[in-house]
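Chemist: One-letter residues, chain by chain:
2 protein chains.
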Amino acid sequence: MRELRLRPLGPVPEIVPGDDLPAHVASLVPDGPGVLVVAQKIVSKAEGRIVALADVRASTEAEKLAAEVEKDPRIVELVLRESRRIVRKAPGVLICETHHGLVCANAGIDQSNAPGADHVVLLPVDPDRSARAIQARLGSGRAVIVSDTFGRPWRQGLVDVAIGVAGLTPILDCTDQVDRAGRPLRVTFMALADQLAAAAGMLMGKAAGHPLIWCEGVTPAGDGALADLLRSPERDLFR
Amino acid sequence: MRELRLRPLGPVPEIVPGDDLPAHVASLVPDGPGVLVVAQKIVSKAEGRIVALADVRASTEAEKLAAEVEKDPRIVELVLRESRRIVRKAPGVLICETHHGLVCANAGIDQSNAPGADHVVLLPVDPDRSARAIQARLGSGRAVIVSDTFGRPWRQGLVDVAIGVAGLTPILDCTDQVDRAGRPLRVTFMALADQLAAAAGMLMGKAAGHPLIWCEGVTPAGDGALADLLRSPERDLFR
Numbered sequence: 000m001r002e003l004r005l006r007p008l009g010p011v012p013e014i015v016p017g018d019d020l021p022a023h024v025a026s027l028v029p030d031g032p033g034v035l036v037v038a039q040k041i042v043s044k045a046e047g048r049i050v051a052l053a054d055v056r057a058s059t060e061a062e063k064l065a066a067e068v069e070k071d072p073r074i075v076e077l078v079l080r081e082s083r084r085i086v087r088k089a090p091g092v093l094i095c096e097t098h099h100g101l102v103c104a105n106a107g108i109d110q111s112n113a114p115g116a117d118h119v120v121l122l123p124v125d126p127d128r129s130a131r132a133i134q135a136r137l138g139s140g141r142a143v144i145v146s147d148t149f150g151r152p153w154r155q156g157l158v159d160v161a162i163g164v165a166g167l168t169p170i171l172d173c174t175d176q177v178d179r180a181g182r183p184l185r186v187t188f189m190a191l192a193d194q195l196a197a198a199a200g201m202l203m204g205k206a207a208g209h210p211l212i213w214c215e216g217v218t219p220a221g222d223g224a225l226a227d228l229l230r231s232p233e234r235d236l237f238r
Numbered sequence: 000m001r002e003l004r005l006r007p008l009g010p011v012p013e014i015v016p017g018d019d020l021p022a023h024v025a026s027l028v029p030d031g032p033g034v035l036v037v038a039q040k041i042v043s044k045a046e047g048r049i050v051a052l053a054d055v056r057a058s059t060e061a062e063k064l065a066a067e068v069e070k071d072p073r074i075v076e077l078v079l080r081e082s083r084r085i086v087r088k089a090p091g092v093l094i095c096e097t098h099h100g101l102v103c104a105n106a107g108i109d110q111s112n113a114p115g116a117d118h119v120v121l122l123p124v125d126p127d128r129s130a131r132a133i134q135a136r137l138g139s140g141r142a143v144i145v146s147d148t149f150g151r152p153w154r155q156g157l158v159d160v161a162i163g164v165a166g167l168t169p170i171l172d173c174t175d176q177v178d179r180a181g182r183p184l185r186v187t188f189m190a191l192a193d194q195l196a197a198a199a200g201m202l203m204g205k206a207a208g209h210p211l212i213w214c215e216g217v218t219p220a221g222d223g224a225l226a227d228l229l230r231s232p233e234r235d236l237f238r
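Line by line, the protein sequences give chains A and B.
What the first sequence shows, in numbering that gives the first Met the number 0, is residues 0 to 238, in sequence order.
What the second sequence shows, in numbering that gives the first Met the number 0, is residues 0 to 238, in sequence order.
Source of the hints: derived by calculation from the structure; they are not laboratory data.
You may find that some hints are simply not true.
[Unchecked claim] Here are some, though not all, of the chain B residues that point toward chain A, as calculated from beta-carbon distances under 8 Å:
hint : residue
1    : MET0
2    : LEU8
3    : ILE49
4    : THR59
5    : LYS63
[Claimed, not checked] Simulated coverage check for chain B against chain A, where a stretch passes if three residues somewhere in it have a Cβ under 8 Å from a Cβ of chain A:
hint : segment
6    : 9–20
7    : 66–77
8    : 124–138
9    : 142–154
10   : 157–164
[As the list claims (entries may be wrong)] Negatives, chain B to chain A, calculated, CB over 10 Å:
hint : residue
11   : LEU3
12   : ARG6
13   : SER26
14   : VAL28
15   : PRO32
16   : GLY47
17   : ALA51
18   : ASP54
19   : VAL55
20   : SER58
21   : GLU62
22   : GLU81
23   : ARG83
24   : PRO169
25   : VAL217
Built from N, CA and C at the ideal position, the CB exists for glycine as well.
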């Protein structure tokens with residue numbers, strides 16, 4: 000890779016449920032190879048993954064957990080519905096493993112930038128499928144990453160990661176490379192899709208002002224999905 | 000940020016202990032504002048953080064731990080010297096909290112690309128100081144990040160993160176932003192230095208071919224250090 004250039008595409012109109020997001024996106028993406036990083040929020044909105052909290056009835060389990068972690072029981076109800084399991088809990092904190100296998104706070108449910116103060120936005124049901132629908136409109140040589148903004152253990156601050164992938168191998172295998180001493184590299188797999196998501200996150204701005212970032216200079220190869228980026232629970236020392 | 004452009008600088012000669020890395024680097028960095036991401040490996044080499052394994056005598060504690068995790072006792076000895084504590088251990092795996100406060104595998108000790116098969120490279124003693132020494136040669140409006148390649152819990156593949164910072168605030172405070180509904184954003188702190196390190200990692204290549212990446216389009220502001228990026232152990236649910 001000799002140069003990498005990232006820029007926001009747009010303007011992107013306010014996305015509402017039922018919008019044909021792939022069509023919107025395809026009209027904005029320039030010609031040539033590249034990778035498009037799409038903020039999860041507009042994907043979720045187009046797919047109608049918006050819930051009015053007034054419509055949510057918290058279960059007894061959610062009520063109990065909500066009291067324990069000092070959160071809105073209706074939010075906790077949604078978190079439980081979106082999760083396979085709770086990985087950690089503490090006052091104000093619920094770290095979950097979602098049905099997709101993502102480990103993140105509140106199962107990715109977000110109140111910021113939802114349409115109205117009493118609505119929340121859930122993650123897409125299948126972010127790979129969302130990415131593939133957009134990628135199909137862009138054609139070959141052009142990949143799509145759906146990204147979201149997650150916290151990390153050990154480190155302060157958020158970074159964006161890939162939660163859906165289409166049209167590129169998200170993990171780059173460097174096994175056949177050797178270092179300058181001719182020794183095979185021990186560090187062999189780079190999380191290319193997460194690197195791209197993190198880079199694009201710098202240009203998105205948090206107020207969803209720039210939900211589409213176009214990355215030129217990287218020619219996507221292969222294919223893959225979110226599953227490639229997820230460590231299996233039995234090989235994970237931190238859940 | 001309207002456009003972000005990243006490219007490798009070079010060619011960078013093979014760096015050896017005692018080299019004036021700041022001078023080498025300053026001669027390669029173009030004019031104008033930007034952020035330079037420097038691979039940890041060349042910083043460590045310039046600073047003489049290379050150890051011949053033949054010179055390492057493993058303690059009884061290191062011998063015991065090495066047998067448990069199936070690693071070279073001399074490597075484990077160095078890992079223990081570089082660590083405050085072991086966060087997790089398993090066959091083939093030692094996740095450590097280094098004296099800097101970084102949580103990473105093997106205390107950041109790396110055998111790849113070391114000068115000779117029986118040598119390893121340790122992290123810089125003070126990566127912020129290393130970054131500041133380079134930044135001082137670049138002048139104001141130009142920041143320096145020393146980066147290294149770490150694994151993550153939950154996710155496959157490696158990404159680069161910042162281990163030393165000079166000339167920019169590594170965490171971007173978005174507290175004063177509101178979303179489109181006028182609601183204050185709940186997600187408020189972005190790890191800008193880690194986003195830049197991750198982006199630059201795509202261009203470095205793993206064989207240390209491109210240890211200097213110049214990022215244009217971001218104008219560094221403020222100042223800070225690695226400590227800003229580290230979650231305090233008492234606020235961390237994963238160590």
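Chemist: Does THR59/B pass the interface hint, meaning its C-beta sits closer than 8 Å to a C-beta of chain A?
Modeler: Interface hint status for THR59/B: violated (25 Å vs cutoff 8 Å).
Chemist: If I take the minimum Cβ distance from ARG6/B to any residue of chain A, is it greater than 10 Å?
Modeler: With a cut-off of 10 Å, ARG6/B comes too close to chain A, as the shortest Cβ separation is near 4 Å.
Chemist: Is it correct that the beta-carbon of GLU81/B has no partner in chain A closer than or equal to 10 Å?
Modeler: GLU81/B clear of chain A: closest Cβ-Cβ about 16 Å, beyond 10 Å.
Chemist: Verify that the Cβ of GLU62/B lies farther than 10 Å from every Cβ atom of chain A, and report whether the claim holds or is violated.
Modeler: Non-interface label on GLU62/B holds, nearest chain A Cβ at 22 Å vs cutoff 10 Å.
Chemist: Evaluate the condition: distance from the CB of SER58/B to the nearest CB of chain A exceeds 10 Å.
Modeler: 24 Å, holds
Chemist: Check whether three or more residues of the segment 157–164 of chain B sit with their beta carbon closer than 8 Å to a beta carbon of chain A.
Modeler: Since three or more residues must qualify, the claim that chain A covers the segment 157–164 of chain B holds, with 4 doing so at under 8 Å.
Chemist: Taking 10 Å as the cut and beta carbons as the points, is SER26/B off the interface with chain A?
Modeler: 20 Å, holds
Chemist: Checking a non-interface call: every C-beta of chain A should be farther than 10 Å from the C-beta of LEU3/B. Is that right?
Modeler: For LEU3/B, whose nearest Cβ neighbour in chain A is about 5 Å away, the distance does not exceed 10 Å, so it is violated.
Chemist: Quick one: see if chain A covers the segment 124–138 of chain B, three-plus residues with Cβ-Cβ under 8 Å.
Modeler: violated (count 0)
Chemist: Per the coverage rule (Cβ-Cβ under 8 Å, at least three residues), is the segment 66–77 of chain B covered by chain A?
Modeler: Coverage by chain A is violated for the segment 66–77 of chain B (0 residues, Cβ < 8 Å).
Chemist: Can LEU8/B be said to touch chain A, with a Cβ gap under 8 Å?
Modeler: Violated, because the Cβ-Cβ distance from LEU8/B to chain A comes to roughly 12 Å (cut-off 8 Å).
Chemist: Are three or more residues of the segment 142–154 of chain B within 8 Å, CB to CB, of chain A?
Modeler: holds (count 5)
In this structure, the earlier hints numbered 2, 3, 4, 5, 6, 7, 8, 11, 12, 24 and 25 are contradicted, and the remaining ones agree with it.
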